[in-house]
Amino acid sequence: MERVTGIGGVFFRARDPERLRAWYAEHLGVEVRGFGGAVFSADAGDITVWHVAPLDDEYFGAAEQRAMLNYRVSDLDAMLAQLRTAGVPVDERVAESEHGRFGWATDPEGNRLELWQPPAGNYPAD
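Residue 7 in our numbering is what sits at position 7 of the sequence shown, and the numbering runs on without skipping anything.
In short, the hints are calculated from the structure, not lab data.
Any given hint could turn out to be false.
Label pairs and their calculated CB-CB ranges [claimed, not checked]:
(1) 38 / 5: 12 to 22 Å
(2) 97 / 52: 26 to 36 Å
(3) 87 / 54: 30 to 40 Å
(4) 56 / 29: 16 to 26 Å
(5) 26 / 3: 19 to 29 Å
(6) 97 / 22: 13 to 23 Å
(7) 44 / 109: 32 to 42 Å
Even glycine gets a Cβ: it sits at the ideal position worked out from N, Cα and C.
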């Protein structure tokens, strides 16, 4: 049987695509290419998590937000400080677990996004 092997891309709509692309380039360092998007090449050992949550899951923030993107970062504290300095709305809370460290911010269109610093070493441990 054929099966999916990973996430091939993340696609979403915006009221002002040019402005939102520029925001992600400026604040998260996304290298936007001529086609209006970016391509990320995974490092050895990188993973992508896929998860379906119930509608009332408060982890996503506002109830009307049906999806949340998780961006892997190497230094969560530095990224959150950078966003705060730029005036980006950032949650004060940072969560830590065996899965790493997590922080949250909101883009100009009101989308809550998650920033994830995986734990050091081989993650996930098999």
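Each hint tested on the structure:
Separation of residue 38 from residue 5 is about 20 Å and conforms to the stated range, judged on CB atoms against 12 to 22 Å. Under the hint 26 to 36 Å, the C-beta atoms of residue 97 and residue 52, about 20 Å apart, miss the expected range. For residue 87 and residue 54, the Cβ-Cβ distance of about 33 Å falls inside the hinted range of 30 to 40 Å, so the restraint holds. Taking the beta carbon of each, residue 56 and residue 29 are about 34 Å apart, not inside 16 to 26 Å as hinted.
Distance hint check: the CB atoms of residue 26 and residue 3 are about 38 Å apart, inconsistent with the given range 19 to 29 Å. Separation of residue 97 from residue 22 is about 33 Å and departs from the stated range, judged on CB atoms against 13 to 23 Å. The hinted range of 32 to 42 Å is satisfied by residue 44 and residue 109, whose Cβ atoms lie roughly 34 Å apart.
Violated hints for the displayed structure, listed by number in ascending order: 2, 4, 5, 6.
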